[in-house]
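In the order they appear, the protein sequences are chains F and U. In terms of the working numbering, the first sequence opens at residue 107 and continues consecutively. In terms of the working numbering, the second sequence opens at residue -3 and continues consecutively.
Any given hint could be a false lead.
Under 10 Å between C-beta atoms, here's a sample of chain F residues computed to sit facing chain U [claimed, not checked]: (1) K169; (2) A172; (3) R183; (4) N186; (5) P193; (6) D208; (7) V209; (8) F212; (9) G213; (10) G216; (11) P248; (12) V249; (13) L274; (14) E356; (15) L358.
Just so you know, the hints here were simulated from the structure itself, not pulled from any lab data. Every residue gets a Cβ at the ideal spot worked out from N, C-alpha and C, and that includes glycine.
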Amino acid sequence: MESETLQTSVPVIDVEQLHVRLAGRTILEDINLCIAEGECITVLGPNGAGKSTLFKVLLGLLKPSAGSVRVLGQPPRRGNKQIGYAPQHRVLEAELALRARDVVGFGLDGNRWGPGWPSRRQTSLIDQALEEVDGTRFANVPVGQLSGGEQQRLLIAQALLTHPRLLLLDEPLANLDISREREIVDLITKVCRQRNVTVMVVTHDINPLLSVTDRVLYLANGHGALGMPNEVITGATLSQLYGSPVEVVEALDRLFVVGAQI
Amino acid sequence: MFDALHYTYIQNALLAGSLVAVVAALVGYFLVIRGLTFAGHAMSHIGFAGATGALLLGVDPVFGLLVFTIGAGIGIGRLGSNVRQRDIVIGIMMTLTLGLGSMFISLYHSYAEQAYSILIGQVLGISQTDVLVTAIFSVAVMSVILILFRPLLFCSIDPEVAEARGVPVERLSVLFLVLVAITVSMSVQFVGILLIFTLLVGPVATAMRIFQRPLWVIVCAMFLGLSSIWASIIVAANGDWPVSFYITAISFGVYLLVRVLSPLWIGQRNEQCPSVLFTPADTLQPERGPKQAATTQVSGSLQEVSH
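So that you can see chain F by itself, here it is in the shape it has in the complex (with noise of 0.2 Å):
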């Protein structure tokens, strides 16, 4: 029970004074985060920020320059099974004959050697985590037919498929229309809420995913503001991130960024 107490207090992310530089450019500058469990946070921030960077940082593929980084109590390594990840939306190319279903299995055993057999706890599993996306009536369609959401839909289920207390998207909401953007945010709500899976996306629009989102990471300039959206998406706020006038407007109940550089 001790054990029990002690996991939940532990942040599933714990990160201090991250210092990150690649060919020698300063992508993030002292950057502290505290994230707790079951928390949505929305990654925010122009291109080239670090938001991806930040990720690659959390996922083990990239080392800090300086500062500290603990993930679920430990430090970052590759290819830990705790932590889903579905990088920005990549085409799966049209004559890809591979199906969805292959495709998502990678999740469960991708890294492993060998040409592996088919099992049938692992046909479960992925028919388990297709169900999960609503993707069963297309889990045996070769993934160059899929739509763009659909595709995205997949690449969630893949990474939830090791069932992680950690899911990282990146701009999962691209290149979709209003509905299917529905259908994802709604997805992230029941994983995140349902399953008590922390998840960080990084987006560049809040608005559709503002009814799940926690706190906001702001990235600009190297720098980074983490809280609550009403206290980081504010004219003041992020002026100082950006070091220039940035103000936020907010109408027809979203909010929009305007500034001379962003």
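Since the structure of chain F is already known, use the hints to place chain U on it.
What follows is chain U alone, placed relative to chain F:
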């Protein structure tokens, strides 16, 4: 016609040819899905300089072939995945080595015939030692690919997630190209450097029009490759034309046939999942997915560069 089967040299050709067809199908499948068909083709041309250089030095051309193709494979593996840039560099290297090869040939006129057989292939002249060597290499390459099967397939489809899952993507890339180099060197004795595409890519391309799952595609490609090699050797043994001509002709003929007929079953496949293709929201923006995603992908890689 089948009397030819009694001759040792024909049996050797069939044995070695079968081994090569099987390996080429397996390696060729990954070549196609990784978008490396041009690289594979170029590697054979680059190998040409190695082969002719080896002739110049009085060494078995296969060694020169192996050294140069493996070197090319490692180099290409490290060029990274920007296809356009990579293919330009490969093209430049290829033409340089072709020029080098032709210079080597011009230096020794007596080796012109051997050079010719390197270009076109001469399977009917191989010895039992050659068969043994081919067998050893084939088994080695196939075993390695089988061990690498899942992670290689994974990082061919999705290198980013594969890397996040712990797959050593770059090392696998280079290792795979070394395996391609060995396969190319083995195949050159059959179809020659100019026609390597026909063994590596032809059967796989045809099989992909028939089947969907990797295992089925590979097995089908093996079958197609085996049939074309057997047919070619037997027919060529009874005539004057080179085996490689028959291999390419049969390969092309079968591909054309399957391609022309494939709408028959591909249409059926689509009908089985109508909801996938015709949901109203999707049809509103039919082209949006792939094209715009391609733009996202481009800007994604530009970001990597600027990072």
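A closest beta-carbon separation below 10 Å is what the hint needs, so does F:L358 meet it against chain U? For F:L358, the interface hint is violated, since the closest Cβ of chain U sits about 22 Å away, which is over 10 Å.
Hinted contact F:L274 with chain U - closest CB pair below 10 Å: Hint on F:L274: holds, closest Cβ of chain U at ~9 Å, below 10 Å.
Against chain U, is F:E356 within 10 Å by beta-carbon distance? 28 Å, violated
Any CB of chain U closer than 10 Å to the CB of F:A172? F:A172 check fails; min Cβ-Cβ to chain U is 17 Å, beyond 10 Å.
Hold the hint about F:P193 up to the distance rule: shortest CB distance to chain U must be less than 10 Å. 4 Å, holds
How about F:P248: closest beta carbon in chain U under 10 Å, or not? 6 Å, holds
Given F:N186 was flagged as interface, is its beta-carbon under 10 Å from a beta-carbon of chain U? This interface hint holds because 8 Å falls under the 10 Å limit.
Do the numbers back the hint for F:G216, that is, is its least Cβ distance to chain U under 10 Å? F:G216 check passes; min Cβ-Cβ to chain U is 4 Å, inside 10 Å.
Given hint F:R183 near chain U, where the shortest CB pair must fall under 10 Å: Holds, about 8 Å.
Per the CB criterion, is F:V209 less than 10 Å away from chain U? Cβ of F:V209 sits 6 Å from chain U, so the hint holds.
So, F:G213 near chain U? Judge it on the closest CB pair being under 10 Å. For F:G213, the interface hint holds, since the closest Cβ of chain U sits about 8 Å away, which is under 10 Å.
Given hint F:V249 near chain U, where the shortest CB pair must fall under 10 Å: Constraint on F:V249 satisfied, holds at 8 Å.
In summary, the numbered hints that this structure violates are 1, 2, 14, 15.
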